[in-house]
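Participant: Following the hints, complete the assembly by docking chain B onto the known chain A.
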Amino acid sequence: MSGQDDRRSSARIPAELRVEFRHLGRPHESFSDISRDISNGGIFIDTSVGLEVGTEVSLDISPGPSALPIRLQAEVVRVEEELPASGSSVTVRVRGMALRFVGAPSHELARLLGLVEYMVEVNGDGGSDDV
Amino acid sequence: MEEAMTSEPMRAVSLTLRDAPAHESFPLTTLLRNWQERGLAVPVAVVVSVFDDILSRWVPGRSRQDVLADAVRIDPKGFAFLDSPSASVDKLYPLLGRALGRGVDADDAVPPGGRVLLGWLHSEADVDRPRDAKEFRSWLREALGTPASREEMQDCMRHALDPESESETLRPVPVPRSLVSEDEDDAEAVTLPPQSVMAGPEIDAAESTDEFAQPEPLTPSMSSSGSFVRSNAERAFFISDSHIPSFAESDSDRRVVRKAAPFRQKPVSVGSAPAARQSAQPMAQGIDALFLPNDRRSSGVWWVIAAVAVGVIYLLAM
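If you read the protein sequences in the order shown, they are chains A and B.
Take the first sequence: its letters are residues 1 to 131, numbered as in our numbering.
Take the second sequence: its letters are residues 1 to 318, numbered as in our numbering.
If you're looking for bench data, these hints aren't it; they were derived computationally from the structure.
It is possible that part of the hints are untrue.
Covered stretches of chain A (in silico footprint by chain B; criterion: 3 or more residues with CB under 8 Å from a CB of chain B, positions within the stretch not fixed) [said to hold, decoys possible]:
1) 14-20
2) 27-40
3) 65-77
Don't be surprised by glycine CBs; every beta carbon is placed ideally from N, CA and C.
The following block holds chain A by itself, in its conformation from the complex (with noise of 0.2 Å):
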């Protein structure tokens, strides 16, 4: 299946959970940002952090206080990056980078995937007035 299928076959939820990330091969180097969609397929996270397409990445997802981090393994397939208003490319920004699920277990997707439905029923798109 390419990638492109895979894309279209499932759905991106926009959820805001907080991911912990480190290269496989440089496993002491771990980072944290927020992940700004979630499919069944794989994850977009918000970051500064750049890694080269392809390169191999383990995630860690709290999903809650005493609750068993979800651990899943994931593959760079995409940068976005920001060129500032010059126009250099030396001094390109990352803005974020899209992952895809590589070999991982059902039931860990499955309780991301609950994960996500549990914070949107919290969250929701749609704001609350409680201030």
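Facilitator: Chain B in isolation, oriented as in the chain A frame:
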């Protein structure tokens, strides 16, 4: 992968979203107090992490009480949660100020981005404030940067419990003694350690030890009545016409040290020297020498020589 996903019902999987029992968790009060008692401010990234966790699970409620530090607990993995009746997000503002180091006498422990944010949140002017927890989360991240990782949270808690423990990821920053405790009147005169600012972006872990030993000094903007917070907020109001605060560029000085990732920057190679260096030439050559009228060589000397010569010839002829 997708087949496996669709064949398994989502609801059947327990998310174990219950809150951790109190005895297994660590109160935020202890974290703040233990760090501040040693003259250190909790790293900004840790504060962001705590509030991000709380806000990510925030359920709006009707409680009129401000959320206190005692009500926030952190589980052993570093996940913060609320152990009190739900309220509106504005009830979190005072706690945010305290966690960032806002004290009674001085605000200099609060990083600049935090000052603007707090000033905006506490402003009496008619400005927009976060409408909900989701918006408050994004404001926090914009003003204070990214949250600490769970590992860093655990490190921070370990450091609070055992000050002797060496931390690889944390970079404590001294704060004024006046912020040590809100209810302690410590009359002991203490030389205020300088607030430190982490200049530049991320600092490599290898450098962190030295940096910790000798933090770069920052002249703190002391304020006796918290007016600095307000004035910053007002500045933000006037700078932007909109009713949305504009936060300073990443100024989370006390953030947890992170390791640098290989950024996608291309190496810069310059094939030739800059024009200024290429055109190095003598300032002025002889041909260009410029004589001002007053600098012209005097011809009177020749007249004197001629007169002397004529005199000598006349004497010889005699």
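Participant: Which hints, by number, does the structure contradict?
Facilitator: none
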